[in-house]
Structures are given as C-alpha cells and as structure tokens.
Amino acid sequence: MSVKFSKDHEWVKVEGGIATIGITNHAQEQLGDVVFVELPKLGKKVSKGGDAAVVESVKAASEVYAPVSGEVVAVNGELEADPALVNRAAEGDGWFMKVKMSNPGDLDELMDKAAYDAFAAN
Amino acid sequence: MNSQAAKRTPLYDEHVALGARMVPFAGYDMPVQYPAGIMAEHNWTRDNAGLFDVSHMGQCFVTGADFATVATALERIVPADVKGLVPGQQRYSQLLADDGGILDDLMITHALKTGAEGPVYVVVNAARKDHDFGHITALLPQGLKLIRRDDLALVALQGPKAEAVMAKLAPELATLPFMRSAHVTVSGMPLQVSRSGYTGEDGYEISVRNEDAVKLWRLLLADERVKPVGLGARDSLRLEGGLCLYGHDIDETTSPVEAGLMWSIARHRRAEANYPGAGRVSRELAEGVSRKRVGLKPAGRAPARDGTDITNAAGEKIGTITSGGFGPTVGGPVAMGYVASAFAAPGTPVNLMVRGQAMPATVVALPFVPNRFKR
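So the sequence lines, in the order shown, correspond to chains A and B. At position 55 of the first sequence the residue is numbered 55 (our numbering), and the sequence of numbers has no breaks. At position 178 of the second sequence the residue is numbered 178 (our numbering), and the sequence of numbers has no breaks.
Excised from the complex, chain A in its bound form (with noise of 0.2 Å):
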C-alpha cells in the first residue's frame, strides 16, 4: 500500500496490518543533523497522537508521536549506531518502529503525498 503522512511530519507505511513509522524528510531537514534517537521499548502500546520517541539534533530534542495506535513490534536498531541514518534516509533505512495496529481507521486521518507536500510546504 502507499505510505500516509501525519500532521506531525511522521511517515506511516502498512502491510499486513504492521506500520513501519519514520519521520518524514522534511522533518529531518527542518531538524539537521540528528545526534540521538530515543525508541520506544518493544511491546509498549502507542495510541494516535501520543509520544511515541524521541529525535535529537545539534541543537534541540524533539518528540515522535504516534501517527497510529497499537504495540510496538519492531525497533530499529541501526539508529542506535548511527543516528545520521535519519538525515540520509529518513523515509528508507531510517525507519523509527513498527507498530501493529490496533485501529485500521487511524489511517483514514492521514495525508497522502500530494496532501502531505502541499501541508509541509506552508
């Protein structure tokens, strides 16, 4: 299926039920470089909207909130090594989580590309 898009500048990509989330690649620009990612541990239960992670650059830290609910399944661990991933492939490689989610209509309240573009550019 096509990836979905958050107010929040979260990426969401669903197969099989399971969300793969990232931060989008206008937030890793807005961001800079990304120095630390906080993950959420496996098994926790995300709910729409709620903090979810944690992304630190040079100057700031920001949260990640959960574009859907559900249980955390996946982590990625690459991150811990290499946070710079997220600047280099923020909608790739530099995924943050899966989430298996709880509530398929979650996905009805987010953008699609051309809606997410046209929201980030302004």
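These are calculated hints, taken from the structure and not from any lab test. Hints may be right or wrong, so weigh each one.
The following label-pair restraints were derived from C-beta to C-beta distances [said to hold, decoys possible]: (1) 63(A) with 283(B): 52 to 60 Å; (2) 183(B) with 89(A): 24 to 32 Å; (3) 63(A) with 25(B): 18 to 26 Å; (4) 119(A) with 25(B): 21 to 29 Å; (5) 17(B) with 60(A): 25 to 33 Å; (6) 13(A) with 288(B): 58 to 66 Å.
None of these values were measured; they are calculated from a predicted model. We treat Cβ as the ideally placed atom computed from N, Cα and C, and that holds for glycine.
Given the coordinates of chain A, assemble chain B onto it according to the supplied hints.
Positioned in the frame of chain A, the structure of chain B alone reads:
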C-alpha cells in the same frame, strides 16, 4: 517570536543568499545554520576557518580625558584590572550587580585611538546591550561618555587557518598576540581587529563599518579556507570550549566565584574590593561557595539539555544543567552546569534526569576540547 519586527544586521541579505536558516535571536534575525549544517560548520571551524556574523553584539566606546581617567571609572563598574591594560590589550570581564550577581559579560579593550574611537572599546552581548549601555552610562562620572556604535558591524573569523587568511589581507595580523587588537586598512576598509573569539580556536574578531560589512564578508568568503558558520555551531563550539553563555551558564543569580571566572579578577582588584558585588565575591573567596560550575560528560549517547536536573546516587537533586547538547568534536553529548560544591571534583559520578530516567554522567574539567588560543 516574530510578532515584533526583528532587526537585521548589515549582512542579512548575504545570509539569505547563502541559503541560511534565519531564526530570531536577541531581537535579530540571525543565521542558525547554512545549508552545510551545524555539524559540518562546527568541524570546518575546528579544521579550517569559520566566518561568523556577530554584528548583533553591542559595540561602544567609553570616552574621557585620557585612558587612565576612563580606566579608573570603569574599575568602579567591573572587577577586572582595566588600568593595567596596555594600548591594544583586551580583557574579559563582567558587569556585576551590587549583590555580586552577573548582569552580563563583556570584552574591554584599551583602544589604540582617541576621540570617538577611544580610549576604551567595549563589546557586550546582543540581548543585554540596551541594559548594559544604560547601566554603564549611569555609573560613569561627569565628563565621561559611552558612545554606542550601531554604525559598526562585527564579524569573527575562527579556526586554525584564520591566521593565514587574515595575513593575506594584512600581514601584520599574523603576529598579533591573543587578546590584542590592531587597526588595519584592507581594500580601503578601516578595520579594528582583535585576536579573540568564542570558539576555543585561534581567531580574530573584526569590527567594520556597516557600509563595508558586505564587502569584507565577501572578501573573506572568497578564500577557499573560509566558510560561513551560524549560531548553532557557534554554540556547540563554545560549549566544547568551556565558555559561558550569558543567560544560561551565568546570570543575575550566579557570581564570578561560583562560575569559576576568578581568573578574570586580578589579585589586586580582589584586595581593593571596590567594584560592585565585591562583598559577595570576597565572602565567597573566604568562605567557599555552595555550588560551582562544572563540565558534565554523559556516559551514554543522549544529550542532556539546559534545565536538566542533576542528582546524586540517592536520587537527591544536587544541581542543574545550564548548557547541554552534542559536541561534534567530542563525538558525543557534552554539558555544563552547577552542582553542589561537594560534587564538583572531576571524576565525581552523578545522574542526569532526562525524560524521567537517571542517566549516568561524570563531572569533568572544562574545556572538553583544549583551547588553541595564540598566547
């Protein structure tokens, strides 16, 4: 933050043309970073030469009959040895409140010219300049005058290649010692140049007429060893260099003794004790202080920011971080803050409370990156 019209330095259009991200800072629209990014700009400054627009800072001259008259008056306002400055010499000091709190920190130079450009040149922080100029003016005796120089811009060229870059423009600047200043003319531009800065690296700060600022900026950037550096890297550079940021590491509640700035108060000035706040400084020197500014090295990878609580093994709060972030040269998180004096010895283990979790850290000596000033 953008409700009030932000002021612009004469280099504003240059920053925008270079693709800088502009942010409000101390009432100005300033470049926080250029497209290269904070990390690359930081590393460039450590290895080559970084060019900073610091025109937002407050420049002024204090005028009077002669240097001795002005220096004597200034010693009633700051704790530094001003009278002992030889012509061209510069010194770091603080404006102290009567209770010994720090109102601002500043650079004082025995200017080489007289009249409206002498005999004393002072540079203060951008966010404090209106306050400071009023404060100093109010404390000056009759016949002395503070002349603020909003007609001057200020740029800093910092890094190990700064000397070679400046020497190409004015050969005599190669041998200018640390904390000394000189007047040179480059391509018709009169410049007041000092060997100083805020990065821990060798470098220069260059005062230039507003109308010449763009020409000087472009001339310096034309050298391939020079790249523009924004306020983001300026902050990470000075933090690694152990240098205080006013409003964070020092403020109206902290004293020079607590802040570890007594190196800037000469022995005879301590003995004279005739500057504002001398009572607290003398008392703290005699009796000790309850807290001290220290470096803090987190054990993990997570940065601990300004405002983070510092705790002991029992979980009791023993201090607060005042500057914290990622040190690109260190390659990990770095911070400074105040801890209870019992915990101030380098090597002391402490915890930093980041997002409710106790993160282990160690008290360390400052700076994190050795200063490379040209002594």
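Here's how the hints hold up against the structure:
As the Cβ distance of residue 63(A) to residue 283(B) is approximately 44 Å, the hint placing it in 52 to 60 Å is violated. About 52 Å separates the C-beta atoms of residue 183(B) and residue 89(A), a value inconsistent with the hinted range of 24 to 32 Å. A beta carbon spacing of about 23 Å between residue 63(A) and residue 25(B) agrees with the range 18 to 26 Å that was offered as a hint. Against the hinted window of 21 to 29 Å, the Cβ-Cβ separation of residue 119(A) and residue 25(B) comes to about 27 Å, which satisfies the hint.
Separation of residue 17(B) from residue 60(A) is about 26 Å and conforms to the stated range, judged on CB atoms against 25 to 33 Å. At about 60 Å, the CB distance of residue 13(A) to residue 288(B) agrees with the hint of 58 to 66 Å.
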